[in-house]
Structures are given as C-alpha cells and as structure tokens.
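Number of protein chains: 4
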Amino acid sequence: MTRVGLIGFGYWGPNLARNIAETPGLSLAAVADARPDRLDVVARRHPGAACLTDARELIARADIDAVVVATPLTTHFALASESLEHDKHVLVEKPLASTAAECEALGQLAAKRGLCLMVDHTFVYTGAVRKMKRLIDAGELGALLYLDSVRINLGLFQHDSNVVWDLAPHDLAIVDYLIEERPTAVSASGSMPAGYHQESIAYITMHFGNGFLAHLHVNWLAPVKIRQMLIGGLQKMLTYDDMEPSEKVRVYDKGVDFDPGDDEKRRQLLVSYRAGDMYAPQLDRREALNGVTAEFCQAIQERREPLTGAAAGTRVVRVLEAAERSLRNEGRRIQL
Amino acid sequence: MTRVGLIGFGYWGPNLARNIAETPGLSLAAVADARPDRLDVVARRHPGAACLTDARELIARADIDAVVVATPLTTHFALASESLEHDKHVLVEKPLASTAAECEALGQLAAKRGLCLMVDHTFVYTGAVRKMKRLIDAGELGALLYLDSVRINLGLFQHDSNVVWDLAPHDLAIVDYLIEERPTAVSASGSMPAGYHQESIAYITMHFGNGFLAHLHVNWLAPVKIRQMLIGGLQKMLTYDDMEPSEKVRVYDKGVDFDPGDDEKRRQLLVSYRAGDMYAPQLDRREALNGVTAEFCQAIQERREPLTGAAAGTRVVRVLEAAERSLRNEGRRIQL
Amino acid sequence: MTRVGLIGFGYWGPNLARNIAETPGLSLAAVADARPDRLDVVARRHPGAACLTDARELIARADIDAVVVATPLTTHFALASESLEHDKHVLVEKPLASTAAECEALGQLAAKRGLCLMVDHTFVYTGAVRKMKRLIDAGELGALLYLDSVRINLGLFQHDSNVVWDLAPHDLAIVDYLIEERPTAVSASGSMPAGYHQESIAYITMHFGNGFLAHLHVNWLAPVKIRQMLIGGLQKMLTYDDMEPSEKVRVYDKGVDFDPGDDEKRRQLLVSYRAGDMYAPQLDRREALNGVTAEFCQAIQERREPLTGAAAGTRVVRVLEAAERSLRNEGRRIQL
Amino acid sequence: MTRVGLIGFGYWGPNLARNIAETPGLSLAAVADARPDRLDVVARRHPGAACLTDARELIARADIDAVVVATPLTTHFALASESLEHDKHVLVEKPLASTAAECEALGQLAAKRGLCLMVDHTFVYTGAVRKMKRLIDAGELGALLYLDSVRINLGLFQHDSNVVWDLAPHDLAIVDYLIEERPTAVSASGSMPAGYHQESIAYITMHFGNGFLAHLHVNWLAPVKIRQMLIGGLQKMLTYDDMEPSEKVRVYDKGVDFDPGDDEKRRQLLVSYRAGDMYAPQLDRREALNGVTAEFCQAIQERREPLTGAAAGTRVVRVLEAAERSLRNEGRRIQL
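Line order of the protein sequences matches chains A, B, C and D.
For the record, in the first sequence the residue sitting at position 212 is 212 according to this note's numbering, with numbers rising by one throughout.
For the record, in the second sequence the residue sitting at position 185 is 185 according to this note's numbering, with numbers rising by one throughout.
For the record, in the third sequence the residue sitting at position 96 is 96 according to this note's numbering, with numbers rising by one throughout.
For the record, in the fourth sequence the residue sitting at position 226 is 226 according to this note's numbering, with numbers rising by one throughout.
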C-alpha cells in the first residue's frame, strides 16, 4: 500500500483526494493546506487522513511514501524537488513546472533516486483521447493535416498566470500524446482586457516539420463553454466534443483525393471528395482522474516510467515557454 | 428600370440572377457565360434574358445599364474596369479584385465617371449581422475585447486561390462592417495537404491599435460545417451561429469587472463575474442577397455610394493581401 | 412528354410547379388559381404555362395529360374525380381526400379508366426515409417495439382542418411506408386554444396486433420546430431528425436482451444491455419532391401503380378518420 | 441537530447520504442496507454513521430522530408507517407509496402524531422548475394550453414496476407543482418488449377541466437521453431541457391571437402570430437534492408541512394508479 500525502486542497485537490482514496493500492494518509477552513472539509470527508497546515511537514513525514502536489504553478518545482529529496514518489498537477529547465531538473532528480515522477495530464486518461490515439495509430485517419482545438468559457481569472498557462496544458498534453511527430516551432497571439495584466484570450499555433499544423484557442472570457477538437486526416476526419454527454468522438468518412492528372496542358489537379458514413465509437466512461491515480500507483509498484512522466511534462512546458515568448515578441515564430 | 447584365452563371450567378429578377427597379436583361450548358439553364429559368457566350459583347450592349460580375477572382478587375469604361454601374462578387491597387483603381474610375461600384459583401446584408451592428453601436457589449470566427466545412477546393481568398472575405467584410476601428497589422498561418498547392486551412489574426483582436479560422477540409462567431465585450458577449435555423444571435449578460483594489500590499486585482440572462433577438429573415441587389438598385437611383462600395472592398482586399504575405513569410506580422 | 396542369399556386403549389418544370418527361402546360396575384407570379416564373382562373377550364383542356391538385383538402375529391373523368392522370396533395370512402372511389375510378392516381406523400421520397426502410427491411433493428414521432412548430392555423389533418399525414405516410404490419386501432387526444374551433395540438396512438406501438405528437403552437422520430428495435434503435443539416438518421447499436433465467425460484428475468457504436449513414440528398414528380412521370409512362397510390392514400386517410372519431369520443380506442 | 437514519444505499441512497451529511441541522447517524458490500461503502464514505443490516433495528433506535426511506417502492408504506409509529419524521423516495390509500394513511398517521412526512419530489427543488413556477404564477405565459414532457433513455429495467411508476413520478410531481388546476381524468397507452412483463414505454395524458392538457412520454428503451418539457401559453411559451448544461429554461415571446373579426359573412377567425425574442433566465444552480434535505430539516424545525408533503405525494400516486388502470383497460380515460 502506497501512503499518499496531498498538498493543496483548493479546486482540484478534492478530486485528487477522492480518487486517491478510491484507488486500490493507494491510501490518503495526509493532506496539507494553509487554510484551516479547507482542512475542516478534509476532516469531514477523509477522517482517516492527517491534516497539516505546513507542506514541508507533510513532505518530511516518515509515514508518507508519495506526495501529490496540487498547488499554484509557482510552487511546483520547490515542493516536487523537496519531496524527491525526501525519497517520495511525486505526482504534480499540470503543468509540471514553470520552466522546461525545472522540469528537466525534476526528471533527473527522480531518475537518480529511482523514484516515480508523474504529471497529471488528466485528458490523456480519458476514454475519448485513448480512443483517438488508437484510431490515429491504426492509420484510420490517413496522413494527418491539422489538429484544431477550442477550449473556452467564462473562466476564473488566475492572478499568477495567463490563460495560456492555465488552459493550454490540457491541449498540449493531448497533442503530445496523440501526435508522434514533435513540433518544431510555436507562435502565439493574445489579448488582455483593459485594466488587467494577463492575457485572457490566446491563440497558439504549433508548426511541425511535415506540414502538420496544430492550433489552440484558449479563452477565459467566452460566453459559452466549448471544448471541441477537430483532427483532419486525408482518409478520415474526427471531432471530439467533450461537452457531449455521449458520442464525444465522431469519425467521419470524409476526405479528399488529389490526382495529378495526365493532361500536361491543363496542369490541373483533379480533386475528388468522399463523404460517407459517420460513426461514434463507444468510449470507456470511467473517470479520467481515476486512471491518473491508478497509473501513478502501478508505475510505483512496477518501478517503471509512468505514461505521463517527466519527458511528457517537459515537452508540454517547453511549448508553453515558447508560446509565452512569442506573445512577448509580436507573435514571432519561436523555434523549439 | 435599371437593365442588368450578369457575367458568370456558375455557383453564385444563379442566385444573383434570381434576386435581380425579383428586385423592383432591376430587370435581368442579359447573361453571359462561356459554357453553353449553363446558358441552357438561363434560357429555361429566365426566358426574357439574352444569352451570350462573350462577356465583352454583354458589356458593350447599349440596352444594359449595369453589369454584375460573378466570375473567378482573376477576371474581376478586367471585367469591372471595362464595364465602367462602357459607363455601366458595376456590382462585383467578393472579393472586389485581386489586389488593393486594383480595387483603388476601380474605385477611382467609378468616381470619375459618376458610376456606382459595389462589392457583394453578402453577410453585411443579413438580419443577423445588421442586428449585431446595432447592438455594438448602441454600446450594449461595452468595450470590445475580441472577435473570433470559425468558417469551416468540407468545401470545394479552388484551383486559382487558397482558402483565405475563398472564405475569409466573408468574415473580413463582417469585421469591416461591425468594427469601427481599423486593423493595424495582420498575421496568418496555414497548411496545405501533401500533393496540393494551395492552403486548405488557415488562421488569420488581425491586430488593432486598442488591443482588440480578431481571429479567423477558415478551412476547406473540416468534417463538419461550422459558421460561428463570438464577440466578447466587457459588458456583454454574443454568439452568432449561422447554422442555427433560428436564434442565430444570442446575447449573454456575462462579463468581468476589474477592481484595482485599495490594498497596496497585496497588489491584487479583484475580478468579479456577472452571469445573467441570455436572450436571442428576433431577426429580419429576408434573404441577404435580396438586400444586396436592392442596395445596388437604390444606390444607382439615388446616385450615392453603396453601403459596401469601393472603400469597403479595398479594405477587405488589403487584409487579404497582408494575410497572403504573412503566409509566405512564416506568419510574420504584416503592418497595414 | 406528359403535359401537366397544376391547380393551386398557394404554399405548396410553387414547389410542385418548379419540380414539374425540371422533371424530364413532364412539362408545365397550365396553372389555375382563382387569385390574380398568384397568376402574376406564375407568369413571371413560368412564362410557358397558360394561366387560368378556373380549375374546371384547366381540367377540360385537351392539351393537358395530367392534373396536379394542390388545393385545400375539401376540394380534393371533386377536382380529382373530375380530372379522372376527363381522362387525366392525377397527382393529389396529401391527404388524398377527406374520407376513406372518397379515396376508395377515386382509386376505383382511376383503375377503371386505366389512369395513374398518386398522392404526394413527400417524405416517402426522402433519402432519410428510404434509408430507414432499407435498414428495417434488412432486419438491422430486430423486432420493432415502437415508433415515436414529434412534428411541432409555431405553424399556420388552418381554418378548415385541425392539426391532425394538417401535420399527421406526413407521419402516417412514413409509418405506412416503413411498417409492414397494419394498425388495428387508433386513439387520439387533443386540445384547442380558448376561442378557437380546431385542435392545435394532438397526440395520436396507433396500436398494432403484434404489440408494436406508433405514437405521434403534432402541434401548431410550439415555440420550437422539432421534427424527430425514434424507432426502437430490440437489436438496434434509430433516430431521424429532419432538422439536422446532415446526419439526419443515426443508428444506435443499443438494445436489451431478456434471458428468462433458469432459477425457477427467483422467477426473475435477466436483462442485459448493449451500448455500442452509433453510426450515421450517408443519405441521398436529392429533393424529395423531385422524387415525387419523377415517380408520377414514370408510373404514367410504365402504366403501373405509383409507389404512393390510392391504396396508401386510403390507408392514411382511414387512420385520420379514426383519429378524428377518437378525438370526438374522449380518446376512445377506435378499431380499424 | 436532527439525527437521520437512512434505509437503502442502492442507486439514490448515496446521494441522499451525501446531502444529509452536508445539510446544516442534519447529521447522518445510521444507514441500513441488507447488502454487506453496500455497508462497506458507507463505512468508507461516512465513518461516523452506524451501519446496520436490519431496517427495523434502525427505525427502533433511540438516537435517530428521522428516517429517510430509499428502498424499492413496495416497501415504502411498511417502512414509513413503522417509522412514524416510532415517532420518527420521515422522508420517502418518490413515489410516496404504492397506492393513494397508503399515501393517505401515512399522511393521517403523521398528522395525528405531529410528525413531518415528506416525499422526495426532487425536481420541484431545481432552479429550473422554481423559475418556471415563478413565470407561470406571474402570468407571463398567459392562459396555459398544454404541457408536454419527454423523459426517455436506455434505462434500467425494474423488475417490480413498469416505466410509468419509475419515471413518470418526476413529471407528475413537476406538473403538480406548476399547475394550480388539478387533473380530472387520465389515460395511458404503453407497450412491453416481447418476453418482458412490464411496460418499457408509455404515454400518459392528463385532462383538465379547463381544456389544459398534459402529456408525458416515458421510455426505458430509447437510444438517446431526452429530458425535455414544453409549456404552451397563449402569451408566451417555454422549453425546459434538463440535458442543457446551461440555459435549461428558454422563454419564447411567441404566441397566437384570435380575433373573432367583425365580418359576419365570412365568419372567419383572424389568427395573428407573434414571434419575438427568446430569453434564457439565469437559474439557481444549487443541487436539487440539497434543497430536499434542507426543506426536510426546516419543516421539522418549524413544525410545518413540507413543500412536498403527504398531499402532493398522494396526488401524484393517484395519477399513477389511474394511469395503471388505463393501461390495463385499453387506454380508457379514467376519471380522478
């Protein structure tokens, strides 16, 4: 049984606590949060867990084997590295850390000490994204041309980060998981409301060597909640609408064929269209976060790299850094 | 009665012909198309119109007062300028011409000869866009922060232009009509399928001096048809979904207020959210193209500039040119 | 070439006129309507057709081979029988006539004179309904349990008929076409707004010998337009949403299996559920009314019974009569 | 503090337990369920609650002030009456009991002993239904013509009851709450799959003295989940779509006016249509079940009748009984 200490019981912490408690092989041994009212809630819901106001104290406890970090981004590196140094396995809320350099340092520390370091890229553990991965890997979509993602709603403004660092990690983690090829350059544009100091809307474009294009729209100031992804392949295309109660993934037998033609004089491509059936595969409906805690538990037991480990966490943060740099440089394309 | 000659009876021409025929004050006197099978259709539907295979012959006819140009983009300038030189009023399919310089030349020629020159920015004549204009002008949305438009579907690949020149004119015309301020710079990214020579997907970002941002996603290779626009203001926000059979425009009483706060030490903004009712105003449901032909007719009669004249047509093409240049320069931001 | 005379140029007549004109093998020779302003429209759109104010005159013309009746229901029988007596083939707007007895009389008259008598059950000619028919006939849904149809909107109140006679013929024609078995009894309930003399909302239930149930909701006073049908089979189920721009028909691999079980004492059924993929077959998108006029033309040429002839028209009216009787008798179940 | 004992920890029990635990003024003192594995879950989630396998034992405990019954319908009467006889306040899962006579007996017993008896008509406590009630009471819809409700999905077949007793109580409770007038008669039709002994689909029509009509469609064997209600008034109409994540209630400024006209000869009504704006009021989004447990707590404290007490529970069961009788009598209209 891996005894887990959770740091941070704000927005996401309660979900992590519940899933840790319900994952066989894990037990929720302690929770740390500086706010007494949050610890009251912990005491009511998880009477077996020790309640602490000091994260350092939690990290130092001998009856803790693993630490889960669900605190603001700026604290990730310090808490994770201190935990690793206390020989605890670590699961960190996305994004892994504030810079790619920090991510790499954490990865090296974990590797040196033989500990499990994992980042909570939740969407990678959804039935929808898993299904999309299988479809792409099986070649069902054919050569991929683009991925377009929209993740917008009237969201909570964060004081210590802009919408890119808040929402885009979800999409970047999905792209990182689905697309074998790695991006070569990133550009971004955004805007902040008058009187505010952080972008509340941003567009990120990821360029790939083979012509594939990934584009993200993230927005804290939208009147409607949209969570939609399109992936276009030359054979088939798919949509992923996370707001649909069922049939989240739809595969369209639509595509285009290009025939260079033999008529030299017309030098004209013949474009032919296919528009066939659509189907929506049945998806695994289990809670994604349960997959996260289960993977953390198993990776520890099997002493192996988790599916979303330091490498994936670093790649996502590297794109975030580049997007941030592009935002500060008039949308210039930043090479990775 | 203004006697109209129509050049081009392909995809859009038949709609123009029908609306010309049904507009009081206009009559469809002649149609020119090089393809005999298209003229057969003309003869069946519009028995009163002369059928010609030669556009020049149509332009030269004395019994024609106005010419409507519904041919591929590369021919717009030549046909429109020749028509003006024959003292015909001219209505041109969007976009007005291939370059801003051509647009300006056409505008000057029309002004010199006292003729009406109009571009068919159809969406400007929809009940939905008209309603949005009134809402924005009345200040109901408050200070505008962004406009986001998605115009995608499995569309017909054009051999002589990319998706930017094909689809974006619609959105640029809407932005030009709705937003008083003019863009100062444009950037664009896109991708073309392997084996094809034109972008089939593109993203265009328009930057404005006051921080406002407009972003367009145009795509010929999408599995679903989406025609959705979001406009975010600090007071209210709206959505415009052209695929909705009714309630195309929805106004959300949602917004964010920023209070700088008086606590110097915390240096923290207080963000407060409003989430009130939504309403969908009743819209004028008349066919937009009918508004186009009616405006052409009235502008001729009243010897005035049409709502979408050479100035608007030039501004739209100037953005298209900049987007094209950005596409060829790694998405660099092009100053206007 | 079959020369067609059309009687009635109101709401549906113009659509019939257009499709007659565009169907090879048919020509629109004359149109009769008592209202001069409607004939003005005819003259503009169909300059080749004679315009008459008197339907009898049209029926009597020697240069007419077939008559299409698009007038109010109460006139169907007289116009259709007079046309047949003048040896004209006849296509009648739905429903065929006001009573099943009238329908049968028309059928006998047409048979005796060797003429084609057809009723315009438009939906039977849609790609969606055709596809559903093929799926059902192929046994893909398994044993059918129910059909549920909702056809509601803010509709035009008819002075001479209630919502049952106005809207339900569409659904009854679809049921008649899709379901091999015939209904054995009908019941109906409805309501009329205070101050009005016709039901504006009604529910019709059709009972079948094998336990199958068909239920229709028709409504002129609904705030939203819904055109949705569900068909439940034990193997699969489908939905047909006519308001969807594409994917109108969706087939769900969902169902229930009943296992009587072997445990006599518990006497309990084991119910197991299947919830698999959904798919939306590609549909023929041609205009349904074009299929109607084409079938009329071919049935005349081939001297055969049309797909929706007197028999289908009579069956539909028989259910309408029974529903009307049930409405007048407190919803009593009327045997057919 | 009212100490609550919960009987039944199956599908709905866990939700009740959670809300009891989180309602100030209530504490979850004990849970009874015959299945040890369910009690294991209770022990993990509610460590403070006593776990019992015998409901009678729970009812008899002196440290329990109130009993919540979340067991199959057939046990409601026995458990509720025994609880009342032990001087416990009682909250019963819907429907209150198997017959109206049982409901009345429970009501009388509670009244005699001065105890609170409440039925969990959950939907009455939703923000959506509360808002609809306010709109109707304020006369915003004008004279009501109909209420149409569809509550369908691929649902769990119940062995001891048909779909009417399982799903319709929700809608009947809403109708009972929204509509001041009481139904005078009920009719119902349904069907059961071959090999099964309970209706899996049913239609219920409620007739009212003033011409108002309420119609329910309940279905366990539908491929899609629909939870939609329409309410038509002569002034305005509304839709209530419980599957919408937001904007569940939409109010349409649509209606019809009937003008008897002054032209005696034409004896024709003039019908005029209004089609104005639609709006979606902001709704209270608190969990409905929390409103249920809060109302139970307050009614006990204030020694008053709860909003959904014995009277409402009896009225709902009376309609269920009538619907059942109609189902067994060929859909005959049963007077209430």
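If you are wondering where the hints come from, they were derived from the structure by calculation, not from laboratory data.
Everything numeric in this text was worked out from a predicted model, so none of it was measured.
Be aware that a few hints might be false.
It does not matter which identical chain is meant; a pair holds if it fits inside one copy or across any two.
The list that follows gives simulated cross-link-like pairs (lysine to any residue, SDA-like), each with its CA atoms no further than 20 Å apart [as the list claims (entries may be wrong)]:
| id | residue 1 | residue 2 |
| --- | --- | --- |
| 1 | K133 | H159 |
| 2 | K225 | T2 |
| 3 | K225 | R274 |
| 4 | K225 | R286 |
| 5 | K225 | Q235 |
| 6 | K112 | V224 |
| 7 | K131 | A100 |
| 8 | K133 | R286 |
| 9 | K133 | R285 |
| 10 | K225 | E180 |
| 11 | K112 | R333 |
| 12 | K225 | M243 |
| 13 | K225 | E244 |
| 14 | K133 | D242 |
| 15 | K225 | D277 |
These are the hints, each one checked on the structure:
Taking CA atoms no more than 20 Å apart as the test, K133 paired with H159 passes in neither setting, with 35 Å inside one copy and 34 Å between copies. For a Cα distance limit of 20 Å, the shortest separation of K225 from T2 qualifies neither inside one copy, at 38 Å, nor across copies, at 40 Å. Taking the shortest alpha-carbon separations for K225 and R274, only the inter-copy value of 15 Å comes in at or below 20 Å, while the best intra-copy value is 32 Å. Within a single copy, K225 and R286 get their C-alpha atoms only as close as 22 Å, which misses the 20 Å cut-off; across copies the closest is 19 Å, which meets it.
For the homomeric pair K225 and Q235, the shortest alpha-carbon distance between copies (18 Å) is at most 20 Å, but the shortest distance inside one copy (30 Å) is not. Within a single copy, K112 and V224 get their C-alpha atoms no closer than 46 Å, and across copies no closer than 49 Å, so neither meets the 20 Å cut-off. Taking identical chains as interchangeable, the C-alpha atoms of K131 and A100 are never at most 20 Å apart, the minima being 29 Å within one chain and 48 Å between chains. For the identical chains of this complex, K133 and R286 are intra-copy neighbours only, at 17 Å inside a copy versus 36 Å across copies, given an alpha-carbon limit of 20 Å.
Within a single copy, K133 and R285 get their C-alpha atoms as close as 16 Å, which meets the 20 Å cut-off; across copies the closest is 33 Å, which misses it. Proximity of K225 to E180 under the C-alpha cut-off of 20 Å is found in neither arrangement, the shortest distances being 29 Å within a copy and 28 Å between copies. Taking identical chains as interchangeable, the C-alpha atoms of K112 and R333 are never at most 20 Å apart, the minima being 35 Å within one chain and 45 Å between chains. Both within a single protomer and between protomers do K225 and M243 lie at most 20 Å apart by alpha-carbon distance, with minima of 8 Å and 15 Å respectively.
For a Cα distance limit of 20 Å, the shortest separation of K225 from E244 qualifies both inside one copy, at 11 Å, and across copies, at 12 Å. In this assembly of identical chains, the alpha carbons of K133 and D242 lie at most 20 Å apart only when taken from the same copy (16 Å versus 32 Å across copies). For a Cα distance limit of 20 Å, the shortest separation of K225 from D277 across copies, 15 Å, qualifies, whereas the shortest one inside one copy, 28 Å, does not.
Of the numbered hints stated above, those contradicted by the structure are hints 1, 2, 6, 7, 10, 11, listed in ascending order.
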